[in-house]
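2 protein chains.
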Amino acid sequence: MRLSRYFLPVLKETPSEAQIVSHRLMLRAGMIKQAAAGIYSWLPLGFKVLRKLENIVHEEQTRAGHIAIQMPILQSADLWRESGRYDDYGQEMLRMQDRHGRDMLYTPTAEELVTDIFRGHVSSYKDLPLTLYQIQWKFRDEIRPRFGVMRGREFYMKDGYNFDLTKEDALHAYNRHLVSYLRTYERMGLQAIPMRADSGPIGGDNTHEFLVLADTGESEVFYDSDVVNLSLANVGNGLDSLNYDSHEDMQAIANFFTSTYARTDETHDPKIFESQVPEERRRVARGIEVGQIFYFGTKYSEAMGATVQGPDGKPVPVHMGSHGIGVSRLIGAIIEASHDDKGIIWPEGVTPFHCGIVNLKQGDEEADAACDKLYSALTALGLEPLYDDRKERAGGKFATMDLIGLPWRITVGPRGLKNGVVELTCRRTGESEELSPEAAVTKIAEIYEGIA
Amino acid sequence: MRLSRYFLPVLKETPSEAQIVSHRLMLRAGMIKQAAAGIYSWLPLGFKVLRKLENIVHEEQTRAGHIAIQMPILQSADLWRESGRYDDYGQEMLRMQDRHGRDMLYTPTAEELVTDIFRGHVSSYKDLPLTLYQIQWKFRDEIRPRFGVMRGREFYMKDGYNFDLTKEDALHAYNRHLVSYLRTYERMGLQAIPMRADSGPIGGDNTHEFLVLADTGESEVFYDSDVVNLSLANVGNGLDSLNYDSHEDMQAIANFFTSTYARTDETHDPKIFESQVPEERRRVARGIEVGQIFYFGTKYSEAMGATVQGPDGKPVPVHMGSHGIGVSRLIGAIIEASHDDKGIIWPEGVTPFHCGIVNLKQGDEEADAACDKLYSALTALGLEPLYDDRKERAGGKFATMDLIGLPWRITVGPRGLKNGVVELTCRRTGESEELSPEAAVTKIAEIYEGIA
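Protein sequences appear in the order of chains A and B.
Start counting the first sequence at 53; every next residue gets the next number (my numbering).
Start counting the second sequence at 53; every next residue gets the next number (my numbering).
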C-alpha cells in the first residue's frame with residue numbers, strides 16, 4: 053500500500069478521553085474512531101489487524117478440528133426464556149422489539165442458539181464429538197464502557213461450543229480448547245497464562261481464564277513466577293505434531309500448563325499459595341483477560357432437551373462446554389504488552405503491514421525508483437509493505453512509522469543509494485543495519501517465513 | 053474435510069415453508085437454519101460459501117483501490133437525526149434504547165456514519181479521492197421476510213462510499229464501482245446485468261442496479277437481448293490489465309455495458325424500448341437484484357458539513373456516492389441461477405469444497421488407502437476436498453454430493469482400482485471419465501488454477 057492512497061488518520065495530540073496506553077495509541081494511530089459510548093468504527097489500520105487476528109483464530113480452531121458456523125446478531129427472546137436466562141441476564145443484555153412487537157435481543161453469547169441448532173439436527177451419539185464455533189459481534193451494555201476496545205459494549209468475539217457424549221469426552225474438548233488457545237496467543241506474540249477462575253453459579257472447577265500480565269489489567273492475579281516460563285515449545289515434539297485427537301496428549305499439556313499456581317482473585321487461596329509456592333516465587337500482579345474456557349456439563353442440554361440416542365438406544369443429554377476469545381479486545385492487550393513511548397510495536401504475527409518503506413527524498417528520481425523496486429520485490433513475495441511516498445519531512449515519516457508500529461522499516465535515501473545501500477531498522481530494538489536493497493528484501497522474507 | 057468429522061445436516065424432505073428453489077436447497081443442503089423470521093444461522097457449508105464470497109468482494113475492492121474499514125452494527129440515532137433520515141426511515145429501521153435510555157438503531161446502511169468518519173479526519177482536497185467500504189451485517193425489518201436469505205431481515209452486505217472533490221471524479225468512482233462489481237459477479241460465475249434504475253427522491257439518473265435473470269426474481273426487467281452477450285472478456289486487453297485509475301478506460305467500459313437498453317420497471321420507458329430495440333430482441337423477464345451503485349452528489353456532505361479545503365483554499369462539500377453488494381443474498385441468486393432437480397451446482401469460484409471424494413466401499417483396505425492418498429495429494433496442492441468416509445451406501449453418498457453441489461467428484465471403488473482407475477464426474481454435465489488417481493488430481497488442479 054502506498055500511503056498517499058491509504059487512509060491513515062494519525063493524530064498529533066493525545067486524546068484526552070483515553071486513560072490507558074492501548075486506547076491512546078489506537079486512537080493516535082488512526083486504528084479506531086468512537087461511534088458511540090463503547091462502540092467503535094475500525095479504520096483501515098485497525099481493521100487489518102482485526103482481520104489478521106480473526107484469521108489466526110480460524111486457522112487454529114480448524115487445526116483443532118472445530119467447525120466454523122455463523123450465528124445471527126439478533127436472537128429471539130423465546131430461546132432465552134427456555135433456558136431461564138432471559139430474566140436472569142439483567143441490564144447488560146440489550147433488548148428490543150421488532151415491528152411486530154416480538155421480543156428480540158443483541159446476542160451477548162450463544163449457548164441457547166447453538167443448543168437449538170444441535171437439538172434440531174443431531175440425534176445419535178455417532179455424530180459426536182462435535183464442536184461448533186463462530187466469530188461474531190456481541191454486545192454487552194456495560195454501564196460504564198471505558199478503555200477503548202478493552203471494555204467496549206460492542207465487541208468481536210470467538211465463541212465455541214462442544215457437544216460430547218460423556219464428561220470424559222467433554223473434558224478432552226476442554227483440554228483441546230486450552231491447547232488451541234495457547235497456540236493462538238503464541239502466534240499473536242502474546243503470553244496468556246491459563247489461570248483457575250471462578251465458575252460462578254454453575255459450580256465445579258472446570259474453568260480457566262487466559263490472562264496477559266499488564267499493569268492496566270482489570271483483574272488481580274496471583275501466581276508462581278515459574279508459570280511465565282512455561283511454553284508450548286517445551287511440550288512434546290513441537291507444535292506441528294500436536295495430536296488434538298489424543299486424550300492423553302491433550303491432558304498432559306493441560307496438566308503442564310495448569311499445575312503451577314496461577315489464579316484470579318476470585319479463586320485465589322492464600323493458604324495454598326503460601327504452602328505450595330516458595331516466597332521468592334510468589335507474584336501478585338494485574339492481568340487482562342483474553343479468553344475463557346468452560347465445562348458446564350448438561351446445564352443447557354437438560355434445560356433445552358438436547359439429547360442424543362446413546363449406544364444402548366436410550367436418550368442421553370449431551371455434555372457441553374463453551375469457550376471464548378475476545379478478538380477485538382486482544383488488540384488492546386497486544387498493545388498494552390508491546391509498545392514504547394513512541395508508539396505500538398506489533399509482533400510479526402499480527403502486524404498490519406510487514407514492513408514500512410520510508411523514502412527520504414520523495415521526488416528524487418533514484419530514490420523513487422529504488423522504493424518502487426523494493427515495493428514490487430516485497431509484494432511479489434506475498435508480503436505487504438506500507439510505502440510512505442508522501443512529500444513529508446523524514447522526521448514526520450519516522451514518527452508515523454514508529455507510532456503505527458510496523459516491526460521493520462527500510463529507509464531509502466540518495467546518500468545511501470550512492471553506496472548501494474538502504475537501512476533496515478528493527479522497531480523493537482531500534483537497531484539499524486546498512487545493506488543492499490536485495491539483501492533487505494531477502495532478510496524481510498526470512499523473518500516472515502512461516503508467519504505471513 | 054472428512055465427512056465423518058464434519059457437520060452437514062442434510063434434510064431428506066423438502067421443507068414446506070420454502071417457496072423458492074434456493075431456499076429449499078439451502079435448507080436441504082444443511083447450509084442455513086432459521087433462527088427467527090428472516091434471521092438465519094449459517095451452518096458450516098453455508099458459512100464456507102459466505103466466506104468465499106466475502107473474500108472475492110474484498111479482493112476486487114482492493115484491486116479497485118478501495119479501502120476496507122468496519123463500522124459497528126449499532127449506531128446512535130443522533131447522526132441520523134442530523135441527516136434527517138431518522139424520522140424518514142420508517143418501520144424498516146430497528147430501533148432500541150440502551151440502558152441509559154439513549155436511542156440506538158441496528159444499521160440498515162451507513163452513509164451518516166461514514167460521513168462522520170470522513171469529516172472528523174479529512175480536511176484537504178489533497179486527501180481525495182477516497183473510497184471506504186465495509187462488509188457488515190445489516191438489518192431491515194421487512195414486514196414479511198421470505199425466500200430465505202434472498203429477502204431476510206438480517207443480511208450480510210458490502211457497502212462502499214466514495215468521497216471526491218468534483219462531480220467528474222465522483223462519476224469516475226461510480227464507473228470504477230461498476231467495473232469492480234462486474235468482475236466480482238463474473239468470478240462468482242454469475243451474469244449480473246447493470247440496469248438503469250430508479251434513483252428515488254434524490255433525483256438524477258446516476259444509479260444502476262445489477263440484476264441476475266431468474267424466474268423467481270422480485271423485479272420485472274426489460275432489455276435488449278444483446279445485453280446478455282456483453283462480457284468483460286470483450287473489453288480492452290483483458291481483465292488483469294484493467295486500469296482503475298484511468299477515467300477514460302472506466303468510462304469506456306461503463307458505456308460498453310450501459311448503452312444497450314436494460315431497465316427495471318421503475319425506469320422502463322416503452323416508447324424508447326420500442327424505438328431503440330428491434331422487436332425480435334425485446335425481452336421482458338424477471339431479475340434478482342444483487343447490487344446497486346449510486347451517485348448522490350452533496351446530499352450528505354452538505355447536511356452533515358463534510359467539506360474539504362479546495363485548491364483555492366475555500367471549503368467545498370465533497371461529492372459522494374454509495375455502492376452495495378448483497379453478499380448473503382448472492383448465495384440465493386447463485387443457486388437460483390445454477391441448480392438442477394438433484395440439487396445445487398456451484399460455480400468453481402465459490403464452491404465450498406473443490407471436489408468430493410466418494411469411497412464406494414468404506415472399510416476396504418485398498419479403497420480406503422486410495423481415498424486417503426487422493427485426499428492428501430489434493431490437500432498438498434492447496435485444494436480442499438470433502439471426503440465422504442461414512443459407512444453408507446453408494447446411492448446415498450452420490451445423492452448427498454449432488455445435493456450439496458460440488459462441481460467435481462472423484463469416485464473410488466475396488467473394481468476400478470483393480471484396473472488402476474478412479475472416476476471423475478462433472479456435476480454440471482453429469483459426464484464421467486475413468487483415469488488414474490494421479491491424473492484425476494492433476495485435472496482437478498488444472499481446473500482450479502487461478503481460481504482457488
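Derived from the structure by calculation, the hints contain no laboratory data.
Any given hint could be a false lead.
No distinction is drawn between identical chains; accordingly, a pair holds when it is met within one copy or between any pair of copies.
What the hints assert, rightly or not - Straight-line alpha carbon distances no greater than 25 Å define the calculated PhoX-like cross-link-like pairs of lysine-lysine that follow:
{"#": "1", "residue 1": "K495", "residue 2": "K425"}
{"#": "2", "residue 1": "K413", "residue 2": "K85"}
{"#": "3", "residue 1": "K394", "residue 2": "K190"}
{"#": "4", "residue 1": "K104", "residue 2": "K190"}
{"#": "5", "residue 1": "K190", "residue 2": "K178"}
{"#": "6", "residue 1": "K178", "residue 2": "K100"}
{"#": "7", "residue 1": "K394", "residue 2": "K323"}
{"#": "8", "residue 1": "K178", "residue 2": "K104"}
{"#": "9", "residue 1": "K104", "residue 2": "K323"}
{"#": "10", "residue 1": "K219", "residue 2": "K323"}
{"#": "11", "residue 1": "K323", "residue 2": "K85"}
{"#": "12", "residue 1": "K470", "residue 2": "K366"}
{"#": "13", "residue 1": "K470", "residue 2": "K495"}
{"#": "14", "residue 1": "K425", "residue 2": "K85"}
{"#": "15", "residue 1": "K351", "residue 2": "K394"}
Please read these numbers as outputs of a predicted model, since none were measured by experiment.
### Query
Hint by hint, which ones does the structure fall short of?
2, 3, 5, 7, 8, 9, 10, 11, 12, 14, 15
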